[in-house]
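**Q** Okay, here's what each chain looks like letter by letter:
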Amino acid sequence: MKLTLKIWRQKNATTKGELKTYPIDGVEGDMSFLEMLDVLNEGLINKGEEPVVFDHDCREGICGSCSLQINGEPHGPDRLVTTCQLHMRMFNDGDTIVIEPFRAKAFPVIKDLVVDRSAFDRIQQAGGYISVNTSGNTVDANTIPVNKHDADESFNAATCIGCGACVAACKNASAMLFTSAKVSQFALLPQGRIEATERVLNMVAQMDKEGFGNCSNTGACEIECPKGISLENIARMNREYLSASLKG
Amino acid sequence: MAILSSSIARKVAMALSGLFLVFFLAQHFTINITSVIDPDTFNSWSHFMGHNILVQFVLQPVLIFGVVLHFVMGIGLEIKNNNARQISYKSYKGNKNSTWASRNMIISGAVVLAFLGLHFYDFWFPEIVHKYIESNPLDATRYYPELVHKFESPVRTGLYCLAFVLLMLHLWHGFSSSFQSMGWNNKYSKGLRAFTQFYAIFIPLGFIFIALYLHFNQ
Numbered sequence: 000m001k002l003t004l005k006i007w008r009q010k011n012a013t014t015k016g017e018l019k020t021y022p023i024d025g026v027e028g029d030m031s032f033l034e035m036l037d038v039l040n041e042g043l044i045n046k047g048e049e050p051v052v053f054d055h056d057c058r059e060g061i062c063g064s065c066s067l068q069i070n071g072e073p074h075g076p077d078r079l080v081t082t083c084q085l086h087m088r089m090f091n092d093g094d095t096i097v098i099e100p101f102r103a104k105a106f107p108v109i110k111d112l113v114v115d116r117s118a119f120d121r122i123q124q125a126g127g128y129i130s131v132n133t134s135g136n137t138v139d140a141n142t143i144p145v146n147k148h149d150a151d152e153s154f155n156a157a158t159c160i161g162c163g164a165c166v167a168a169c170k171n172a173s174a175m176l177f178t179s180a181k182v183s184q185f186a187l188l189p190q191g192r193i194e195a196t197e198r199v200l201n202m203v204a205q206m207d208k209e210g211f212g213n214c215s216n217t218g219a220c221e222i223e224c225p226k227g228i229s230l231e232n233i234a235r236m237n238r239e240y241l242s243a244s245l246k247g
Numbered sequence: 000m001a002i003l004s005s006s007i008a009r010k011v012a013m014a015l016s017g018l019f020l021v022f023f024l025a026q027h028f029t030i031n032i033t034s035v036i037d038p039d040t041f042n043s044w045s046h047f048m049g050h051n052i053l054v055q056f057v058l059q060p061v062l063i064f065g066v067v068l069h070f071v072m073g074i075g076l077e078i079k080n081n082n083a084r085q086i087s088y089k090s091y092k093g094n095k096n097s098t099w100a101s102r103n104m105i106i107s108g109a110v111v112l113a114f115l116g117l118h119f120y121d122f123w124f125p126e127i128v129h130k131y132i133e134s135n136p137l138d139a140t141r142y143y144p145e146l147v148h149k150f151e152s153p154v155r156t157g158l159y160c161l162a163f164v165l166l167m168l169h170l171w172h173g174f175s176s177s178f179q180s181m182g183w184n185n186k187y188s189k190g191l192r193a194f195t196q197f198y199a200i201f202i203p204l205g206f207i208f209i210a211l212y213l214h215f216n217q
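Chains H and W supply the protein sequences, listed in that same order. So the first sequence is numbered by numbering that gives the first Met the number 0: it starts at 0 and just counts up by one. So the second sequence is numbered by numbering that gives the first Met the number 0: it starts at 0 and just counts up by one.
Just chain H, with the same shape it has in the complex (with noise of 0.2 Å):
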């Protein structure tokens, strides 16, 4: 398969960066689109340029560390994958793709294709956690009866990587769906009901002050996330929020 690539290239936080143009042979349907820039880094290297810079981790679709707008959608063109697990079959001979990093004020550009999403660590940090005694008296999880939906809810909430693909997908790069999904985890949870309150006032107050945008609900960022999350975990913090608002 050969392609056109226009890949965003930015030396770093400072600068301003561009589209820059790169030809690319030999790309085999089975590849992976990080080994398609692999293959891609490896003539630039032998070439003597600079490879393009990208983010990766475990190669699995676990981790959340992969990223790139892949022709104006976050992860490409598939759906419920991550870059990582998109596949170059997804592609035809002859493509022009376009790859961008995730675009936010938030998110700012390192370099190249990697961007900062510390803000989600903070998000975390403000209140996605449950606090447990760990002194040797910890009490087994498993002795507080949980009901089944709930418990289902709660896992799938669980499984967003925290990728970002809601906040690239989003119109107003909004963090709704990542903040609902971690404050969801917990809410639905007896372990997590103890700290709800201060929970999600923190973490919405966290998710504003690192300038991210408000929910239109388009429900972009629920088709884009490559882990399915749903939209009503952002329905369910806006409840636990209001909630906890009247009570505070």
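Among the clues, some could well be false.
Pulled a few chain W residues facing chain H out of the computed Cβ check, cut under 8 Å [claimed, not checked]:
#1 Ser5
#2 Thr33
#3 Leu76
#4 Lys79
#5 Arg84
#6 Lys89
#7 Ser90
#8 Ser97
#9 Trp99
The set of hints was computed from the structure by calculation and includes no laboratory data. These numbers come from a predicted model, not from an experiment. Idealized CB from N, CA, C, for every residue including glycine.
Please build the complex by placing chain W on the supplied structure of chain H, with the hints as guidance.
**A** For chain W alone, kept in the frame of chain H given last:
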């Protein structure tokens, strides 16, 4: 209070003011459709709305507050949202994951707001002048002829119809979206969404029908 500046509280304010305006639209449509069915009923209902103290001095200010709150919050949210992505994508395929109506509420809202300006110029300001500045004697039969007169112009009728199409798109996303903003997303949401989409089509189409009926039945 911190809650008032939070993103979720602002969305809830948008949702509540939007739902109030949706309710008002149904009431406005109910009165307007009588102009097609029975002009005498239209005259008597219009006279009641124009001279009832509760409607004029309590409900009308609440309505104006609702409209102003909705568009001021909407513009504020739009500015914040634009600021959240300062460098745009070179390639962005919004139509792959969302509807045009959901992504362009600011455009449909701005057209509806501009229409409100025209509508006030046509009906509300002349009514205020008639009642409170010129202090004309009461006349419960003047409303229907004034309404028919306004729709003589094909340009005005066309502008009204265009605005109602944009209102349809605004309601198509906004009505159901308001429930999500307030945390309502459950097993009943599918049915509720069907109702909101029916409403989003029925009410603006009804207004278009009234405008065209009055224009072609001069």
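**Q** Does each hint fit the structure? Answer for all of them.
**A** Right, here's what the structure says about each hint:
1. Ser5: holds (6 Å)
2. Thr33: violated (35 Å)
3. Leu76: holds (5 Å)
4. Lys79: Holds, about 6 Å.
5. Arg84: The hint holds - W/Arg84 has a Cβ within 8 Å of chain H, the shortest such distance being about 4 Å.
6. Lys89: This interface hint holds because 6 Å falls under the 8 Å limit.
7. Ser90: holds (4 Å)
8. Ser97: W/Ser97 check passes; min Cβ-Cβ to chain H is 4 Å, inside 8 Å.
9. Trp99: Check failed: Cβ of W/Trp99 comes no nearer than 10 Å to chain H, outside 8 Å.
Violated hints, listed in ascending order, are 2 and 9; each of the other numbered hints is respected by the structure.
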